[in-house]
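Place chain B on chain A using the hints.
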Amino acid sequence: MAAFGTLTLLIALVLATYAGVASLIGARRGNRRLIESGRAGVYALAAVLGLSSVALLYAFLSHDYSIKYVHHYSDASSPLFYQITAYWGGLDGSIMWWVFLLSVFSAVAVYSNRDRHRELLPYVVTVLMAIADFFLYVIIFHKNPFDSYLTDIPTVGKGLNPLLQNAYMVTHPPALYTGFVGMSIPFAFGMAALISGQLDDAWIASVRKWTLGAWFFLSMGLTLGMLWAYEELGWGGFWGWDPVENAGFLPWLTATAFLHSIMIQERRGMMKIWNVTLIILTFFLTIFGTFMTRSGIVQSVHAFGQDTKLAWIFTIFMSITLIVSFGFVIKRVPELRSRARLDSWLSREAAFTVNNWILLFAAFFIMFATMFPTLSEALTGQRITVGPPFFNKWMVPIGLVLLFLTGVGPLIAWRKATASHLRYQFFWPSLAALATIGICLALGLGVAPAGVICFGFCAFTGATITQEFARGVAVRKRNTGDDTVSSLMGMVIRGKRRYGGYVVHVGIVLMFVGFAGTAYKKETDIKLVPGAQATLGRYTVRFERLAHEEDRQKEMVTGEITAMAGGKVIDHMRPAKWFFHNHESEPTTEVAIRRGPAEDLYITLGNYDLAEGNATFKLVVNPVVDWIWFGFMLLAIGTGICLMPDAVLERITAGVAVGPAKQAGAAGLVVWLALGAGGLLALSARPARAEEAQMPSQALEPPMPSGVDENWLVHNIICQCGTCRHNLIDCATENCGHAAQDRIEIRQLLNQKQTRDQIIDYFIRKYGGQVALAAPLDRGFNRLAWFLPYSLGALGAIGLGYGAYRLARRPAAAQVGSREPPVSDTDLADKLDDELRNLD
Amino acid sequence: MTKIPIWVLGAAGALAAIVYAVLVEKMRLGPPVVMLGLGGMTLALAGAALWRVIDPLARAASAAAPSGRGSRRPRELEREKQLVLKAIKEIELDFQMRKIAERDYRDMIERYRTRAMRLIGEIEAGDDYRVLIERELAMRIKLAPEKSSAPAPMPATAVSAPSPTPSAAPIGRPSCPSCGTLNDEDAQFCKKCAARVS
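In order, the protein sequences belong to chains A and B.
Heads up: take any position in the first sequence, counting from 1, add 1, and you land on the numbering used here.
Heads up: take any position in the second sequence, counting from 1, add 12, and you land on the numbering used here.
One chain only, chain A, in its complex shape (with noise of 0.2 angstroms):
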């Protein structure tokens, strides 16, 4: 089975490579018959990557232990279930499954678009099959999956890693990988487009829905993951900017950024050069993502692991993809360059430029915080950590001003706003705004004033989406005097993509609200005995018992938990640790939640004692952190909405009629809301299964925090237990030992009177460098870390303001030529108005 893997790969290497070429000789000489075929060879490829992704399978099903992937990633005792998922656990099997997608992408894409794009189809195989070309370059010199023991063949396998055993390895990594690979469409057209030099809006609706079909798999890989984290983890968050969620989110930026501004270009005809930028961006992002978690590159708990020359293959197709994107780019910007002006800075088109500057300039600071600790020890041969509390210092007010021109974006008018235009459409989202401010201060929340900021522009996009909404279902009425539950679903039919985008921004709301509430999170760690209480918040915990049992698999020691809130028993909760049998030095970490719409009640298992019965738990609440999945569902929702086929809003819209239109219109609603209802409770449902570090040597009881200076140190020194990266408030109860001696070390100095630098100092010098901690010092070579991105965005905004005063004092005679003669067949122009009147 090994050779007869690698035999399929080389076959597809061949193929991969035939077609590029014979597309670009077949489009540069006009050949008819080298076109056709080049574009089968497409077709061809996925089926031959389809041979070796079944033989990998029939590899691991069959327990074929001579192939050494199969050997490290399965075993016979693992389930049918895990023994697939085998396939993406590990580095080489990753790159081929993201080669399988590709393929498959690639044939979806050309089959689809056979019937269009003639002249440029051929230069979108060519640019697919590079990139599959590389990828299986990568694979068969260098990580073949397929490789065999020689002798001394295993009969026994490894197993999966603990910590994959669960259901979200089933959906986050095929997830994100569609994500990141479903990116390499649009680039392939972006990049056909200025080769061939095909630069009008053609390509732009081609690739809209593949890039809004990829952006959606991003947005469900990075909530899965989030999801997995806040579940499995056990450190009672979701999101700590670990380089591997960086590099998820990265093209995510860039990808949001290009589905906002192309708008700009097919309505106006603007932001082309833009566009062009954020998809080359987009895909070299992917590509950077993938560098950054199989190179080695970074320090990471998700990271496959070190390979120098691996890191070295990744930089040079990177730096070739960034010179041959930005050499076409800049050879066809006389065509690109708009002839449409940028009329006032208020206005819809300059709203989401400054919206393109800021996501783009959040994942060059993302990027580069992610760097910076191999840049520093490149640079000064000392590493350093940048944790989270370095980003959130940085990324929270990215974030607002994001979530306001969120709300901004849909009430601004096109070209120039006027004062009673912003009046008329900002007065009433400015009301709510101020109006949950007010509330939030009254409520006692200013003691986080980000979270207050954040909840006002919850409410200002909220309020701008159902004004929306309102205004447009009552202007439908007008005109065609329907009923109003018939009118909102005509709307949504007929500008699918403008109010599906607005659910999806309902989602984005909900998941801000979400993020806010992390704001406001209590935790506490305790250690109980039998029959003992500890209070957090409104609710009141009682430790029962310690129970010790065994499986097939693995063996648990569960603490079971009465959960009271207002002296009533609200739940029974079971955090436990697991020791799978092999893996004993890596327990997983069993976390019970109580998830409720205002709060979730989370607890964890830390150190324990089976001898004394006694343990101790981590409590932490965490206010309104399931509106972060009930937003995903929305968001779902609108991207549906968006991509739904016109075929099936056809059928929607037969039985939207007047009259009993109220019914379709109601069921259309139920079904709706069935969908967000049903992925919620499948979501609230999810067993929780994770794992950290390893067995402490002995218990060792670390003191609660207490003083300002205690409480900062505790959570900006990291964890060096080499494992989880949190910082050591958060990794306390997961029995690695590290972070417990920390704390009492940092006790121990606090009593001696050493100062906060003092004690910064002492661990600098005990770790040997700044790498314990959370975000590097505002000093030396670390002052990069602070100013260059700030600087940097300073300068662009400077740039744009610059841009903007040269755009504004264009002369008017610049738009002359631009425009089509008009046409004055009143013919046409009749039936012009009866296709519209129809349209309705």
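Everything labelled a hint here was simulated from the structure, so no lab data went into it.
Virtual Cβ for every residue (Gly too), placed ideally from N, Cα, C.
Straight-line distance between alpha carbons at most 25 angstroms, and here's what the computed SDA-like set of lysine to any residue pairs gives:
hint	chain 1	residue 1	chain 2	residue 2
1	A	Lys-832	B	Pro-189
2	A	Lys-478	B	Gln-108
3	A	Lys-522	A	Ile-399
4	A	Lys-332	A	Leu-200
5	A	Lys-528	A	Phe-580
6	B	Lys-98	A	Asp-201
7	B	Lys-38	A	Leu-62
8	B	Lys-101	A	Asn-839
9	B	Lys-154	B	Cys-191
10	A	Lys-497	B	Arg-91
11	A	Lys-69	A	Val-171
12	A	Lys-497	A	Ala-203
13	B	Lys-154	A	Ala-830
14	B	Lys-101	A	Thr-467
15	A	Lys-832	B	Ala-99
16	B	Lys-204	A	Leu-837
17	A	Lys-210	B	Arg-87
18	A	Lys-478	A	Trp-429
19	A	Lys-832	B	Gln-108
20	B	Lys-98	B	Glu-122
21	B	Lys-101	A	Arg-838
22	B	Lys-204	A	Asp-831
23	A	Lys-69	A	Lys-159
24	A	Lys-417	B	Phe-107
25	A	Lys-754	A	Asn-712
A few chain B residues facing chain A, derived, Cβ under 10 angstroms:
hint	residue
26	Gly-42
27	Val-65
28	Glu-88
29	Gln-108
30	Met-109
31	Arg-125
From the derived model, a few chain B residues whose C-beta atoms are all more than 12 angstroms from chain A:
hint	residue
32	Pro-17
33	Ala-23
34	Ala-28
35	Glu-197
36	Asp-198
Same frame as chain A, but now just chain B:
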């Protein structure tokens, strides 16, 4: 080979693989056999796809697959037209929701309507590009600024201007005496206004 439906090929490949696994290799039905079936299906599809790679090269140059442009072009135009119509509706909605000033609204609507009418004209003309080109020329000439004293040259046939003399039309193609539309060689009635042309 190309006439056999692809799903039939795939199913045949899957069946062949399963039969081989069960009868020849004496494997028990289970996940490995299912995977072998998938493998058989993929192998058959790969074979079919490889045939399609080689087939165009083996054909004579003159026997290249027809472009089928005639049937595909109207679909593309129709699709583009629908997008433009929806854009017009969106602009109208934005105007009624007071998001566009009236002057900008009229400007945008005019541009989109021009594009939409052009597309409708192209769809109606089908493959009759001569009609399209002449109509386009007529409109541009009408709009061209008068830069010299010499009269602007008239096109050979003007779509909107009546051409009562059929002798002005290209050889073999009559123009309608009523509306001036250029018709096909064998036309007896005008395709636009139904007046008799022969």
